[in-house]
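Colleague: Below, each chain spelled out in residue letters.
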Amino acid sequence: MRKEILFGAAYYPEYLPCDRIKKDLVMMKEAGMNVVRIAESTWSTLEPEEGRYNFSYVDRVLEEAQKLRMYVIIGTPTYAIPSWLVKKDPSVMVETKEGRTWYGHRQKMDLVNPTFRACAEAMIRKLFCHTAEHKAVIGFQLDNETKHYGSYSSFVQQMFLEYLKEKFKTTKTLNQTFGLAYWSNSIENWEDFPDMRGCINGGLAGEFEAFKRSLAADYLKWQADILAEYKREDQFVTHNFDFEWKKFGADIAQDGYSYGVQPDINHYEASKAVTLAGTDIYHPTQDALTGAEIAFGGDCIRSLKADNYLVLECQAQAFKYWTPYPGQLRLHAYSHLASGASGLLYWNWHSIHNGYETYWKGLLSHDMEPNPVYEEAKQFGQEWKKKGAERLCLSKQNEIALVIDNRSLTALQWFPIDKKISYNDVVRYLYDSLYELNLECDVVDIHALEPSRYKMILTPALYSISEADIKRLEQFVLEGGVLFSTFKSFAANEQLSVYPDRLPHLLNSVFGMYYQQYTQPDKVSLLGEPVTGLAELLCVGDAQVLGSYQHKYWKAYAGITKNRAGKGMGYYLGCLAGKEVLKKVLKEAALDAGITLSGITWPVIVRSGINQAGDKLQYWLNYSSQPKEFSCPCKKGEELLTENVYARGEKIRLEEWGVAVLKEMEE
Amino acid sequence: MRKEILFGAAYYPEYLPCDRIKKDLVMMKEAGMNVVRIAESTWSTLEPEEGRYNFSYVDRVLEEAQKLRMYVIIGTPTYAIPSWLVKKDPSVMVETKEGRTWYGHRQKMDLVNPTFRACAEAMIRKLFCHTAEHKAVIGFQLDNETKHYGSYSSFVQQMFLEYLKEKFKTTKTLNQTFGLAYWSNSIENWEDFPDMRGCINGGLAGEFEAFKRSLAADYLKWQADILAEYKREDQFVTHNFDFEWKKFGADIAQDGYSYGVQPDINHYEASKAVTLAGTDIYHPTQDALTGAEIAFGGDCIRSLKADNYLVLECQAQAFKYWTPYPGQLRLHAYSHLASGASGLLYWNWHSIHNGYETYWKGLLSHDMEPNPVYEEAKQFGQEWKKKGAERLCLSKQNEIALVIDNRSLTALQWFPIDKKISYNDVVRYLYDSLYELNLECDVVDIHALEPSRYKMILTPALYSISEADIKRLEQFVLEGGVLFSTFKSFAANEQLSVYPDRLPHLLNSVFGMYYQQYTQPDKVSLLGEPVTGLAELLCVGDAQVLGSYQHKYWKAYAGITKNRAGKGMGYYLGCLAGKEVLKKVLKEAALDAGITLSGITWPVIVRSGINQAGDKLQYWLNYSSQPKEFSCPCKKGEELLTENVYARGEKIRLEEWGVAVLKEMEE
Amino acid sequence: MRKEILFGAAYYPEYLPCDRIKKDLVMMKEAGMNVVRIAESTWSTLEPEEGRYNFSYVDRVLEEAQKLRMYVIIGTPTYAIPSWLVKKDPSVMVETKEGRTWYGHRQKMDLVNPTFRACAEAMIRKLFCHTAEHKAVIGFQLDNETKHYGSYSSFVQQMFLEYLKEKFKTTKTLNQTFGLAYWSNSIENWEDFPDMRGCINGGLAGEFEAFKRSLAADYLKWQADILAEYKREDQFVTHNFDFEWKKFGADIAQDGYSYGVQPDINHYEASKAVTLAGTDIYHPTQDALTGAEIAFGGDCIRSLKADNYLVLECQAQAFKYWTPYPGQLRLHAYSHLASGASGLLYWNWHSIHNGYETYWKGLLSHDMEPNPVYEEAKQFGQEWKKKGAERLCLSKQNEIALVIDNRSLTALQWFPIDKKISYNDVVRYLYDSLYELNLECDVVDIHALEPSRYKMILTPALYSISEADIKRLEQFVLEGGVLFSTFKSFAANEQLSVYPDRLPHLLNSVFGMYYQQYTQPDKVSLLGEPVTGLAELLCVGDAQVLGSYQHKYWKAYAGITKNRAGKGMGYYLGCLAGKEVLKKVLKEAALDAGITLSGITWPVIVRSGINQAGDKLQYWLNYSSQPKEFSCPCKKGEELLTENVYARGEKIRLEEWGVAVLKEMEE
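Residue numbers (the numbering used here), protein chains in the order written: chain A, 1 to 667; chain B, 1 to 667; chain C, 1 to 667.
Honestly, the hints are just simulated from the structure, not real lab data. A few of these clues could be false.
Think about it this way: if two alpha-carbon atoms lie no more than 20 Å apart in a straight line, the pair counts; the simulated EDC-like pairs of lysine to aspartate or glutamate are [what the hints assert, rightly or not]:
#1 K320/A / D501/C
#2 K172/A / E49/B
#3 K320/A / D425/C
Just so you know, these numbers come straight off a predicted model, no measurement behind them.
Please construct the entire structure, taking both the sequences and the accompanying hints into account.
Modeller: Set out below in structure tokens:
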């Protein structure tokens, strides 16, 4: 493992109004930075005409970087295609439900288009060949934020049809699997299979989404395989995975943040193509800074490889909403380390003077001069340089897993819990509650889950699940685990056919209850807190009722239950209860699972792990504008940033938006 | 007339994950059910390839039904077309303003497409031929919820052009009729007639809508004519008429309810194709259950044939918003009878495990087991079986007609009363006020109206009306009737040309006033209640002013007037007054018309009629969660469900969401 | 200059259900009217088939007008094309981002389409030839409310490409100018230039918008050049310029009002084609009547030629929202004169009985009879006739210029200040504040600005500006002027490339400050009033801080500053402060500029100028429902409408919604 924390920025000299490569790298170096990510998105600069290449910007950065002993990550530029490629073959532009997309925006091509693939291959072979041997190059990023772009091209649809034939063999099986007889959608002959654009079958549409997610993962694998022919052993392969982006209003670039599980590629599936997971995480700041997105994103990405990861993009000044208060940029940075990041790169070094994301500001403003944000980065950049990855980067072994699933996400778009409640809302409802209780967890795809590694498993709205996976969870409980499930879990199979018996399917005895009905909760409460969105009317068998609905007609039904099954325990939350109710029950469940609760809660966040030196570290993060203090929880501890040493119980001060990194010391 | 109330459900064994036909029919039978509606929407099952038919599901249901002495209604499956038909001829898919629709959804074909017609004819001939002789088959449903689907196909547009040529003879007449000179839209030669998709002439667009409604009616007539070659004398022909669907937010299946007059087919025109009117009515329930939609829908459909009708679809569990409280399913059912229904079928028997309407739940949940809703249906199913249609089904002779009109509906989409107020809002504003006062009415298309049958006629926003019809209404008043009209009545002719003299056109003397101006009412009141949406500034001649506007500048004008004309009376409401104001005036108008008011008001609803045995019945319905009681209004009455007998004035208890059916007894 | 005020209406006998030309003109004459505008929009009547003309309506109006000694303005009908033209060549319909537009609506053609141009030329030549000699014809209106209609036709795009080649010579310069390397959008060869529909480069898109505005201006120039071959010397050439239209909700005709700077044509550029500026201004009335739109529109249009102008369209009854209170129609009319109008024509004479704008009512309602609004027009029509233009029409010489700019408008659509704040919101924020303080100003395009004519110049959000123009403003200050600029001024060049140094670009020393950062103001105040939308964090050098942000973290930064530079003064407002704060500072700035403040504020508005007789006039306008009074401000004054004479200090009464016209008298 690398000794330095990678600290730097995305850097695009091609975009600049003047030549500043040398000056910029020196400014970075002065701020303690040691790495730049270049080349992604610059295809038209690298290959201005088909077959004619120009690597001068790349070469100049490499040259200056090497002089300054800085590192370079080379990104393949394929996610932003040149216009000559579209002139050569217009069908490279993705065809969505709205028709063929116009050229201009990035990430709008059809990933399986043969012309695109041929030209992309030529491009990246040249780039790999040109850069792989260079000493400054420590790794490669494949494409960027790859997704399936909603393609309905004839290429994609033909491949999907072949996939269905292969998987289901006969149209009869296809019809039965998806219930296509409904509204006369069944087919007798494969050639009658209709264009997917009109599909009204949630199950078939879900299968198509899953198929397209696989195409996107295959595409990264394809780039990785080509890269394998060129790269050195010591160079890593990464990708910049992003999250469901939540807009908060305007249809403009500078709006939205990283919210939840990514719908358009499966991170777990796609991560097989890389050796080092990477991500971008953007989040509200100023008074809205909670740290939840940094923690959620980090827990997702770290869990992909159960290893450290790179934050390949994060915000410096970003949008006007997010201009950080003094101290917040530093808090962001330490928060990423606290989740297990081993590197952090800003998007981007400087603000861009033209184009589309002009007001998605970088570390430098458009004036390219030092400013308060740059000065703050310089401060902790020096701290990082001094301490290094060896002392600050964490590895973790969490006792809790929160299970996520793309198919359930898609399913709940077709069959919504509520107009206002998405799958990711439920994921975040559970995740954020754990986070605020300082219960750390891995965030794990259902297909990657190894139950035996955990004491407690949570399934937020795990709507779609195979019987085999249900049985694995049942086994987990019988062997002593605590399963904590919410409404809309275990309802349908992977093709979104609702299980035709009492729900939760196959788990009536694990949970000690079942339900046949559910309702919109209108003036319904649970444990004194209002219920919103959905209330399943739980008919209790052996379970212990933790709360029944407070309502004239629904009081006969439970809203939350727990049940001993085998050596373990099944908790079931049948409704969107108040968050305080949820946290109360989560604490009870954690205790049942034998997990220790610190009693510390947000806005003070503690995140723990082992550094490379083998020390037990705790990151203490204060997400508030008021100073806080806490008692040293271990016999003797060193606060690494101040190098102060504390005895158990001694008060340690956290400044507003402040950080402490406590190392448990041997006596 | 049938002795049994038809009670059952739509049933789709084709959609089920397992074979349950026998089991399902037995469960129905046990619940007192006696009928299933099958086959509609299952074309791809019935004819998996063009010309190859498979009636096995139909045959099995018929066989089991006959064994159990249950009835079957055969629906033609034409509203959901198979994908092979679209492969054969893509132009069968409807072409709307948004372009050609993708295959998948039902009710998206071009009804006049020759390929569609040819294949549909082949299909339904086979189906009729195959089933008409079967003893269990008591009737046929033609298509389902037929509408014009917004077609702008070249077929439809060419037919419209021919229709215009036929109707207006010369382009000069066309230009003058619709005022096409406006914005240079007039044409000299018929071949210059432009594509209707760009039409900005409200009158011409209204004519096109009316023409398309006729095409939809013709299509049902065409199916009826084919059926006539096959069906037995004793078999009825029905259609499932639906209403304007009001969404309350989300663009998903499980959202919305039956709200008002249907814009996309004219019920009166289309009902000529059937022998027994049928409908579907969906409505809010739980705390939002008022009974108004059941009453409104019933009054509309009963008035089509002045006869009993079938509720071919209504909700069992439906969406999560509507999971009924205990007692409500029974109240729904009796409410339909109280409006004159002679049968009631749920949509649908079981919830569907796949597809699109998975969470539009049936009587059974996805687990296919008995549940509280099924148990409740069983209770009143047995009551119905015991009493029969002879005693429970009503015929009515109402004294009030509420007049509806599709052209006015279309017109007020082009020339809205207000951003937030639609034609149907005005219809419901008037209808609901009558309903809450327990003033029963027929809801009658202006073209079906026989004024002499009524004492009082109401015209909510009857914007578009021919001079002949205005004169019929004038005559009605002169001969002693009470006409109660609202703002925006009698403003334009059938081609939406505003009458170029003082409004209300030709009725200045009937109403004793006219108006030249109107305004958005900003801080305007009438009789102490705020006015919204629109205030016509009524200049009073002979009329009695029931209320003038309360406003600094508009106080010179009346907002509501009444006027004696001939032997009758004209009431005119010039604004959207508070509902309490409206009800107050409605009561006065009813008294003027010689109509008795019971004084009972919502949430207790009384609906009356004569049963087949000739008894006078009153349905008493309690739309509240509090028990109510009422005094027996007749000398001696039997409550049919309890068989208790009461003397005049004796208290009769209505449970929360409860029902009483009081038969006036001979002494 | 004409001695009469032109007073009349748009008149469309072609649209009427019956022949009323003679009757209508007599009714107009009786109301003191002397002019009608005809023929615009009636192409299909004038040329029902290609090459066959019919001028009978025009001839009859001309004949009757001449008899009554009334005037006629002939409008070219080209903005509403006949359907035969679209049948002849479908490509005349504009192709926008949404595709080819359907025929029907007006103002939806591709202005540069050769077929359109050829047919339009034939049409207008015939019309000019037919009417130019007629004595009643006093002028011509070219087209109507011309804009570029969002065309992306191949004609327009090809012309744009030629323009770019001409302007930038090489693709390298093009790439550098717009920063096209971003997202791989740079091109090596001109033939790779992509379709503009997908453009994501704000600068290039802005250039395209500017180019399209020029095409629209060229089109008017082209009509003017043709007209020049026919018209008499004494006939004027005008155009009906309109403003950005602000919808307040519904997507229907009768909704919205004239709000701000027109995005789709540049008034200054286009006005070169006319000899007399014309405009339409629609505005809220009833309790929402402020006069601001009448003043703003008037100040814009008067500034085009620094001369009187025609109000070619304004509202009589218009929509239901705007039915005027008694007295308001008269107040509207005098308000137009107070801004410098020399004529006023209603849109339109009568309400239209069919079509699209049926409820955009004229002076007459659909009944075509006298009504309260007509009677009111008659009253002041007689006043005008009596006084004439000589005494009532104003010329002005304002000391303040408010600078507007289309490129900044477009830029801030791409790079919004805030989701809810448009460029025009800032323009109106500044303009309305001046207006409410009774500080009259010219509203001047940055390219038309002659700084030396003014004492004070205001730049609301002048985002895009050339260095040459910045230097002109700097010079203005150095020579003694007061420059008052807001946030987002002087940020980018004309191709929207952000200036790569400290902002405001080149004006750090004029304003005595700079800024590097800005933020969304969350709970931030300035001088006690909340700040919304944006707060630039001003780092103060020599400037005087008029207010710093009230906020825990931003208090270190100023929000508003003033600075002496040379002989003048630079004011900079870094945020959207409360309007009261803005007005306070504007008053200070006006005093610094040596401008006298009357102390009178809205709802009493005073607007001044010199009439043709050389008298100093003041229009006093009362925009409230309460009577007001004011003191005669001059030694001796005559109120022209009452002919009362007042001495200084004597009280003069303004009725509710009332008007006084005070002439300063020689002693």
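Colleague: Does each hint fit the structure? Answer for all of them.
Modeller: Against the structure, the hints come out as follows:
1. Only pairs whose Cα atoms come within 20 Å are accepted, and K320/A paired with D501/C is accepted, the gap being roughly 19 Å.
2. Distance check on the hinted pair: K172/A and E49/B sit about 13 Å apart at the alpha-carbon level, within 20 Å; holds.
3. A hinted pair counts as satisfied when its Cα atoms are at most 20 Å apart, and K320/A with D425/C qualifies at roughly 19 Å.
Of the numbered hints listed earlier, not one is contradicted by the structure.
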